[in-house]
Amino acid sequence: MAVTQERSAGLDVARIREDFPILSRTIGGKPLVYLDSTNTAQRPRQVIDAEREFYEQHNANAHRAIYFLGEEATDLYEGARAKTARFLGAPDPSTIVFTRGTTESVNLVAHAWGRKFLKEGDEILLTEMEHHSDIVPWQFAARDTGAVLRYLGLTDDGLLDLSNLEALLTERTKILCVTGMSNSLGTITPLPRLIEAAHAVGALVLVDGAQLVPHRGANVVELDCDFLAFSGHKMLGPTASGGLFAKRELLEAMDPFLGGGEMINEVFHDHSTFNEVPWKFEAGTMNVAQEVAFGAAIDYLEALGMDRVREHEEAITAYALERLSEVGARIFGPTDVAVHGGVVSFWYRDVHPHDLATILNEEGVAIRAGHHCNQLVMRRYGVPATARASFYVYNTVQEVDALVEALGKAESVFT
Amino acid sequence: MAVTQERSAGLDVARIREDFPILSRTIGGKPLVYLDSTNTAQRPRQVIDAEREFYEQHNANAHRAIYFLGEEATDLYEGARAKTARFLGAPDPSTIVFTRGTTESVNLVAHAWGRKFLKEGDEILLTEMEHHSDIVPWQFAARDTGAVLRYLGLTDDGLLDLSNLEALLTERTKILCVTGMSNSLGTITPLPRLIEAAHAVGALVLVDGAQLVPHRGANVVELDCDFLAFSGHKMLGPTASGGLFAKRELLEAMDPFLGGGEMINEVFHDHSTFNEVPWKFEAGTMNVAQEVAFGAAIDYLEALGMDRVREHEEAITAYALERLSEVGARIFGPTDVAVHGGVVSFWYRDVHPHDLATILNEEGVAIRAGHHCNQLVMRRYGVPATARASFYVYNTVQEVDALVEALGKAESVFT
Amino acid sequence: MPLDDIYKEVILDHYKKPRNKREMPGAERSCSRNNPLCGDEITVFVHEEDGRLADVSFTGQGCSISQSSASMMTEAVGGKSIKEARELIRQFRGMMAGEADPGEDELGDLVALKGVVRYPIRIKCAVLAWDVLQEALGDGEGFASGTSAH
Amino acid sequence: MPLDDIYKEVILDHYKKPRNKREMPGAERSCSRNNPLCGDEITVFVHEEDGRLADVSFTGQGCSISQSSASMMTEAVGGKSIKEARELIRQFRGMMAGEADPGEDELGDLVALKGVVRYPIRIKCAVLAWDVLQEALGDGEGFASGTSAH
Ligand SMILES: Cc1ncc(COP(=O)(O)O)c(C=O)c1O
Ligand SMILES: Cc1ncc(COP(=O)(O)O)c(C=O)c1O
Numbered sequence: 027m028a029v030t031q032e033r034s035a036g037l038d039v040a041r042i043r044e045d046f047p048i049l050s051r052t053i054g055g056k057p058l059v060y061l062d063s064t065n066t067a068q069r070p071r072q073v074i075d076a077e078r079e080f081y082e083q084h085n086a087n088a089h090r091a092i093y094f095l096g097e098e099a100t101d102l103y104e105g106a107r108a109k110t111a112r113f114l115g116a117p118d119p120s121t122i123v124f125t126r127g128t129t130e131s132v133n134l135v136a137h138a139w140g141r142k143f144l145k146e147g148d149e150i151l152l153t154e155m156e157h158h159s160d161i162v163p164w165q166f167a168a169r170d171t172g173a174v175l176r177y178l179g180l181t182d183d184g185l186l187d188l189s190n191l192e193a194l195l196t197e198r199t200k201i202l203c204v205t206g207m208s209n210s211l212g213t214i215t216p217l218p219r220l221i222e223a224a225h226a227v228g229a230l231v232l233v234d235g236a237q238l239v240p241h242r243g244a245n246v247v248e249l250d251c252d253f254l255a256f257s258g259h260k261m262l263g264p265t266a267s268g269g270l271f272a273k274r275e276l277l278e279a280m281d282p283f284l285g286g287g288e289m290i291n292e293v294f295h296d297h298s299t300f301n302e303v304p305w306k307f308e309a310g311t312m313n314v315a316q317e318v319a320f321g322a323a324i325d326y327l328e329a330l331g332m333d334r335v336r337e338h339e340e341a342i343t344a345y346a347l348e349r350l351s352e353v354g355a356r357i358f359g360p361t362d363v364a365v366h367g368g369v370v371s372f373w374y375r376d377v378h379p380h381d382l383a384t385i386l387n388e389e390g391v392a393i394r395a396g397h398h399c400n401q402l403v404m405r406r407y408g409v410p411a412t413a414r415a416s417f418y419v420y421n422t423v424q425e426v427d428a429l430v431e432a433l434g435k436a437e438s439v440f441t
Numbered sequence: 027m028a029v030t031q032e033r034s035a036g037l038d039v040a041r042i043r044e045d046f047p048i049l050s051r052t053i054g055g056k057p058l059v060y061l062d063s064t065n066t067a068q069r070p071r072q073v074i075d076a077e078r079e080f081y082e083q084h085n086a087n088a089h090r091a092i093y094f095l096g097e098e099a100t101d102l103y104e105g106a107r108a109k110t111a112r113f114l115g116a117p118d119p120s121t122i123v124f125t126r127g128t129t130e131s132v133n134l135v136a137h138a139w140g141r142k143f144l145k146e147g148d149e150i151l152l153t154e155m156e157h158h159s160d161i162v163p164w165q166f167a168a169r170d171t172g173a174v175l176r177y178l179g180l181t182d183d184g185l186l187d188l189s190n191l192e193a194l195l196t197e198r199t200k201i202l203c204v205t206g207m208s209n210s211l212g213t214i215t216p217l218p219r220l221i222e223a224a225h226a227v228g229a230l231v232l233v234d235g236a237q238l239v240p241h242r243g244a245n246v247v248e249l250d251c252d253f254l255a256f257s258g259h260k261m262l263g264p265t266a267s268g269g270l271f272a273k274r275e276l277l278e279a280m281d282p283f284l285g286g287g288e289m290i291n292e293v294f295h296d297h298s299t300f301n302e303v304p305w306k307f308e309a310g311t312m313n314v315a316q317e318v319a320f321g322a323a324i325d326y327l328e329a330l331g332m333d334r335v336r337e338h339e340e341a342i343t344a345y346a347l348e349r350l351s352e353v354g355a356r357i358f359g360p361t362d363v364a365v366h367g368g369v370v371s372f373w374y375r376d377v378h379p380h381d382l383a384t385i386l387n388e389e390g391v392a393i394r395a396g397h398h399c400n401q402l403v404m405r406r407y408g409v410p411a412t413a414r415a416s417f418y419v420y421n422t423v424q425e426v427d428a429l430v431e432a433l434g435k436a437e438s439v440f441t
Numbered sequence: 004m005p006l007d008d009i010y011k012e013v014i015l016d017h018y019k020k021p022r023n024k025r026e027m028p029g030a031e032r033s034c035s036r037n038n039p040l041c042g043d044e045i046t047v048f049v050h051e052e053d054g055r056l057a058d059v060s061f062t063g064q065g066c067s068i069s070q071s072s073a074s075m076m077t078e079a080v081g082g083k084s085i086k087e088a089r090e091l092i093r094q095f096r097g098m099m100a101g102e103a104d105p106g107e108d109e110l111g112d113l114v115a116l117k118g119v120v121r122y123p124i125r126i127k128c129a130v131l132a133w134d135v136l137q138e139a140l141g142d143g144e145g146f147a148s149g150t151s152a153h
Numbered sequence: 004m005p006l007d008d009i010y011k012e013v014i015l016d017h018y019k020k021p022r023n024k025r026e027m028p029g030a031e032r033s034c035s036r037n038n039p040l041c042g043d044e045i046t047v048f049v050h051e052e053d054g055r056l057a058d059v060s061f062t063g064q065g066c067s068i069s070q071s072s073a074s075m076m077t078e079a080v081g082g083k084s085i086k087e088a089r090e091l092i093r094q095f096r097g098m099m100a101g102e103a104d105p106g107e108d109e110l111g112d113l114v115a116l117k118g119v120v121r122y123p124i125r126i127k128c129a130v131l132a133w134d135v136l137q138e139a140l141g142d143g144e145g146f147a148s149g150t151s152a153h
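Here the protein sequences line up with chains D, G, Y and R, keeping their order. Each residue of the first sequence is one higher than the last, beginning at 27 in our numbering. Each residue of the second sequence is one higher than the last, beginning at 27 in our numbering. Each residue of the third sequence is one higher than the last, beginning at 4 in our numbering. Each residue of the fourth sequence is one higher than the last, beginning at 4 in our numbering.
Okay, chain D solo, but in the shape it has when bound:
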C-alpha cells in the first residue's frame, strides 16, 4: 500500500512488530490492535530478556555486596543510569535519580524540594492540561507550605493559553510545572518559551516528560529545564522503571525524601547523615532489575533513532486525524500535527467513550476511554470522558484503518 510506505517512511514497522511478542495475540479470534501506548507501552523481547537475564545471571542487590554478582548488579544498575543520562543529554549521570516513574518523581520533587523551599504566599504555576500526577502532589505541597496554585488555561483548540502568561508567571512563582506533551490532547507544549519566561522571573521549571520523552525525546541541556520526570513503562521499559533528572545543585540543596537503606552515610540514634547524590534519594532496595531492563529499552529506542520514531508518529497521527475527521469524529486537541503528538482524543457520534471502548474491544481494537487522569481538561471541554487512541513505534496505518472500521460497528449498535 503506497500510503503505508510513504507515511511510515521512518521505521521498519513490520520488523519492529516481530520484537513484541504480545502483538501476535488475538482477541476473540481477531488480531490485537493495541492503541493505548500512552497509558503503557508494550515491551520488546530485548527488554523482557534483559530483565530475565538479570535474574538468571547477575541477580544481587546493587551497592551492597562485595562478591562478583553484587559487582555485576551494581555495574548494570549504574550503567543504566549512565545510559539514561546520555539519552536525555545530561552530561552527569548523578543528575538521574531512579524512581518507578513520573508520579513518584513529581512527588519526590514536591516533597524534597517543595517542602524545603516553598513558603506561604509563594506560587506554583501549573497548567490545566497537567496529568493528575503533576497536580495532586502540588496540592499537597501547597497545603503543607501555604503556597498557592495557579493554572495556565487552555484555548479552544487544545493549546496552552499564553495570553495571560505574564500575569500568571511573576516573581511570586517559584516553580512552573508543565507537561511536555499532553496525554489527553496530544499537545506538544512550547517548552523553550515557557522555560525562558520562567527563568526570567526566577522560577524553576519541572517538565512532566511522561509522554514527551518516549515520543519526542528530550535534551535537558538544550531545554535547560530544572527537573524532568519520566516513566520507563511508557517507553518500552518494564513497569517500575523510570526516574527524575534534576540539576545537580538542586539535588544537593534538596532534603532527602524517603529514608532508609543506602541513602545514608551514618545513622545515629537521633539523626543521620546522608549519601551523595543521586543515592541520597534512593532509599532501600531499588527497582534494580527493572532499571537495568529500562536501559535495554533506551538501547532499543536509540537503535531506532528518536528522529525516526517522531517521524513515524507524526505520519500515523496525521493519518488518524484525517480519517477520524472524515468519519465525523469530534477531535480534542490541536489540528496542527506539528504540535500534536501521537495521541488522539475524540468522541464518535453520541456513543459514550465507555461504550465505544467495549465495542471496539470486540473487534480487537484496544483504546482507552475515560478522563485519562486529566479531569481539568475534561471539564474545560465539557465532556465527562473521551475515547483515546495512541500510537507508538509498532503501530501501523492499517491499525488506524481497523480503528475507523470498528467505529462503524459502534454506529450500527447505537442507531
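Careful, some of the hints might be misleading.
If the Cβ cut is set under 7 Å, some of the chain D residues that face chain G in the computed set are [said to hold, decoys possible]:
#1 Q68
#2 L95
#3 L284
#4 T311
#5 Q316
DSSO-like cross-link-like pairs, simulated, lysine-lysine; straight-line CA separation at most 30 Å [to be verified]:
#6 R/K117 x G/K435
#7 Y/K19 x Y/K83
#8 G/K56 x R/K11
#9 G/K145 x D/K145
#10 G/K435 x R/K20
#11 D/K56 x Y/K117
#12 G/K435 x R/K24
#13 Y/K117 x Y/K19
#14 Y/K117 x Y/K86
#15 Y/K11 x Y/K83
#16 D/K435 x Y/K11
#17 Y/K11 x Y/K24
#18 G/K142 x G/K273
#19 D/K145 x G/K142
#20 D/K56 x D/K435
#21 Y/K117 x D/K435
#22 G/K145 x D/K142
#23 Y/K20 x Y/K86
#24 D/K142 x G/K142
#25 Y/K20 x D/K435
#26 D/K435 x Y/K24
#27 Y/K19 x D/K435
#28 R/K19 x G/K435
#29 R/K117 x G/K56
#30 G/K435 x R/K11
#31 R/K11 x R/K83
Hint data in this document are derived by calculation from the structure and do not stem from the laboratory. Glycine residues also receive a C-beta, built at the ideal position from the N, C-alpha and C atoms.
Take the given structure of chain D and dock chains G, Y and R with the ligands to it, following the hints.
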C-alpha cells in the same frame, strides 16, 4: 551424607535448586555458593516466567483500561493482592497496599500516619536492632512533628533488652516499630509479648517483616499487628515488589501519601477527593508486572510450605552456628537457634569482613560484609562491620561446609 | 463474545429513552456518586410514603450501561417497600457478582444486564445507580463506585 | 583471579605493621572520612613546613586495603611539596581508575595496589585515604568515599 538428609528433612533442596537458573553459575570456575539471601533472594524460574508472561501476554495498565488486556492485567494485579492477603492471614485484600518493598512501606506509614497523628512530645519507640529503613523515616517524622525517638536496647547475646520495657513503653508512646527478625543478628523478636504490651498502653505496632515474612511467615490476625512491611525481592519475588499490611481503619484514617494517577476520585483546581483503600495509597502506574510475579513467589513458597521452609532454615542455621563456632568464629546474635533465624553474622580471626568477603568470593562463596544497614547494632557490639552468611530454601549444608573451608583460605592469606 | 450479549435492545431502549430521569425537588432522600474511571455520574431521588418508595427518579450522565441500569432500577423499585427494595438490591448485586442467576420473574427487564457480567470492568457502570440508591436508603456505602475494584 | 593479585605481601606487611599510624596533635591540616559500605574510617594529619608535607600520619580502622593504602600513602607523600603530593594523588587515582599503568619508579610500593583495580568495589577502600588527604590539602571532595559509586 546422613547429616544432609537429616538436617534438611523439610525440603527437597536438590529439586528446588533446579528451579533457580542462577545457581548453576560458576564464579571463576567454582560453583556459586550464594549466602546472601537476607540482602536479596534469588528468583525461581516460576517467578521469572510469571513476569515474562505478563509482558508477553497480558501487558496493560491495571485499573485504567476497558479492553481485555486491561481487564486481564487488573485481574492479575488484584489477584496478587488477594494472594498476598491470604499468605499473611489478612481476611480483607484491601488491607494490602503494594509498594516496592519494606523501605517504601515504612516511609508510607511514617508520612501518611505519622505526619497526621504524631504530635510534639509523642514518643516513637524503636529498637537498636532496627534496619536503617525502620529508623531514618522515623527520624524524619520526629523532626517534622516534634515527636521523640526512644530505643529498646540489646543484650550482650543479641536479644532485645526488655528489662526497661515498662519505662520506655508508656502512654506517651504512639507507635512501637520493631523488626520481626534482625537482618544482622538473626534474632527473632518476641512479637506477641511486645504487641500486647504496646496495645496495653494504646500504642500501635509496626512490624518490619522484611526478614520475618520470607523466613518464618507471619499471620497478621494472630499477631494483631497494626502495620506489617515486607519486601518481595527477599522472598523469591522480583525487585520492585512488596507491600504493606495495615488495619483497614488505619488506612482509612490516614492521609494519602503520594499523589497522582488512580489514587483520586475527583480532581479540582484547588483540591481533590480520594479513592477508597487500598488504591488511595497507590499513586500512578504501579509495579504491576512485579506484583503479579510476586504472587508467583507466594505460590512457590506456599507449595513448599512455610513450616518446612522454617524447619529447613533452622537445621541449616544450627549447623552453621556449630561449624563456625568450631573454627573459632565470633558469632553475633543469639545462640539459641529457636530465636535465631537463618542469618549468621560473625568475625573470623582478625580478618576484616571486607577482606574476608573478597577472599571467599574467590572461592565462589558470596557473603555480605558491612554494617547491613544496622549501624546501631555495629556500635552496640563495638565492630565497624561483620561478615554475614544467610540461608534460604535453596541452600544446603554442603554450602555451609564450603563457607567454612573458604575461611581456611582467608586464614592462610592473613597469617 | 457477541456484542448483543451486552447491548441488548432493552438496554439501548432505556438508554435512549430513560424512564424517570428528572430531578425531584421534594424528595426525602437523594444521593449522588460518580465512577471516576469513566466520569459516569448518577443522582437518585426517592420520595417516601408510608414506608414505600412511592416515587424514584434519577439524573446523571454516562454510558449506556450506567444510564439504562438507573432507568430500569427506578421502574423496578418504584412503589416497593424499603424492605423489598433492599431485597432487590441484594438480588441485583448477586447477579452482577455472578453469584446468582435470577430470571425475569424476580428482576424483570433488569435481567438484560446479565450480559455485563462478562465485561468485569463494566460491572461498576451497571451497579453505580444501585450503590447510590443503597446509600440513599441509609445502608452505608456500596462496593463499586468511587473505587477501582470490580 | 589469583588472590595474591590483591593480597600482595607488601600490602599485608603495611596492614600488619602500619607506618605513621599515630595522631598528630600539632598538625596544621587534618581530615576524616568514612566508607559507609564497610565502616572503614581514616583520619589524615599533615604537618606543613615551607610548603612541604614535612610529616604525614593517619589513624583509623578498616580492611587491609584501606589501611595499607593509608600507610603507604603517608610514606609516599611525606617530605613532598604540595604540588608533588597533588601529582601523586593524580597518578594514584589514574591507576585505580585503570586509566594509567604507572610503575615502581613513579609510585614505589603503591603499585602493589594495582591488583585492586580488578575488584571494583574495593577501589573505594584503596582510595579512601587519598580522598582524605586531598580534602586536607583543601582540594575539595574526592570522588570515592561517602558515596556508593565506584
Ligand atoms: C529487617 C530489614 N528491614 C528493612 C529492610 C529494607 O528492605 P528493602 O531494601 O527491601 O526496602 C531490610 C533489607 O535490607 C531488612 O533486612
Ligand atoms: C503526562 C503524564 N504525566 C504523568 C503520568 C503518570 O505516569 P506514571 O503513571 O508512569 O507515574 C502520565 C501517565 O499516565 C502521563 O501521561
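Verification of the supplied hints:
Against a cut-off of 7 Å between C-beta atoms, the interface hint on D/Q68 holds, since the closest Cβ of chain G lies about 6 Å away. Because the smallest distance between the Cβ of D/L95 and any Cβ of chain G comes to about 6 Å, under 7 Å, the interface hint for this residue holds. For D/L284, the shortest C-beta to C-beta distance to chain G is roughly 4 Å, which falls under 7 Å, so the interface hint holds. With a cut of 7 Å, the hint placing D/T311 at the interface with chain G holds, because the nearest CB-to-CB distance is about 5 Å.
With a cut of 7 Å, the hint placing D/Q316 at the interface with chain G holds, because the nearest CB-to-CB distance is about 5 Å. Taking the CA atoms of R/K117 and G/K435, the gap is about 22 Å. The hint holds against a cut of 30 Å. Simply put, Y/K19 and Y/K83 have alpha-carbon atoms about 25 Å apart, close enough for the 30 Å limit, and the pair holds. Restraint check for G/K56 and R/K11: the C-alpha separation of about 23 Å stays at or below 30 Å, so the hint holds.
Using a Cα cut-off of 30 Å, the hinted pair G/K145 and D/K145 holds, with the two alpha carbons roughly 22 Å apart. For the given pair, G/K435 sits about 21 Å from R/K20 by alpha-carbon distance, which is consistent with the 30 Å threshold. For a cut-off of 30 Å, the pair hint linking D/K56 to Y/K117 stands: about 25 Å separates their Cα positions. Distance hint between G/K435 and R/K24 is fulfilled; the C-alpha atoms sit about 28 Å from each other, no more than 30 Å.
This hinted pair checks out: Y/K117 and Y/K19 have alpha carbons roughly 19 Å apart, not beyond 30 Å. The straight-line distance between the Cα atoms of Y/K117 and Y/K86 is roughly 23 Å, inside the 30 Å bound, and the hint therefore holds. Taking the CA atoms of Y/K11 and Y/K83, the gap is about 26 Å. The hint holds against a cut of 30 Å. Taking the CA atoms of D/K435 and Y/K11, the gap is near 15 Å; set against the 30 Å cutoff, the hint holds.
Distance check on the hinted pair: Y/K11 and Y/K24 sit about 20 Å apart at the alpha-carbon level, within 30 Å; holds. The straight-line distance between the Cα atoms of G/K142 and G/K273 is roughly 16 Å, inside the 30 Å bound, and the hint therefore holds. In summary, the hint linking D/K145 to G/K142 is supported, as the alpha carbons are separated by about 20 Å, within the 30 Å threshold. Restraint check for D/K56 and D/K435: satisfied, since their Cα atoms lie roughly 15 Å apart, inside the 30 Å limit.
Among the hinted pairs, Y/K117 with D/K435 is consistent with the structure: their alpha-carbon atoms are about 22 Å apart, no more than 30 Å. Between G/K145 and D/K142 the CA atoms are separated by roughly 20 Å; this keeps the pair inside 30 Å, and the hint holds. Note on Y/K20 and Y/K86: the hinted pairing holds, with a Cα-Cα distance of about 28 Å set against a maximum of 30 Å. Using a Cα cut-off of 30 Å, the hinted pair D/K142 and G/K142 holds, with the two alpha carbons roughly 18 Å apart.
Restraint check: the Cα-Cα separation between Y/K20 and D/K435 comes to about 21 Å, which is no more than 30 Å; the hinted pair holds. Taken as a hint, the D/K435 and Y/K24 pair is honoured in the structure, with Cα atoms around 28 Å apart against an allowance of 30 Å. For the proposed pair Y/K19 and D/K435, the alpha carbon gap of about 18 Å is at most 30 Å, so the pair holds. Using a Cα cut-off of 30 Å, the hinted pair R/K19 and G/K435 holds, with the two alpha carbons roughly 18 Å apart.
About 24 Å separates the Cα atoms of R/K117 and G/K56, which keeps this hinted pair within 30 Å; it holds. Our distance criterion of 30 Å between C-alpha atoms is met by G/K435 and R/K11, whose separation comes to about 15 Å. Of the pairs offered as hints, the one joining R/K11 and R/K83 holds, with about 26 Å between alpha carbons and a cut-off of 30 Å not exceeded.
The structure agrees with every numbered hint stated previously.
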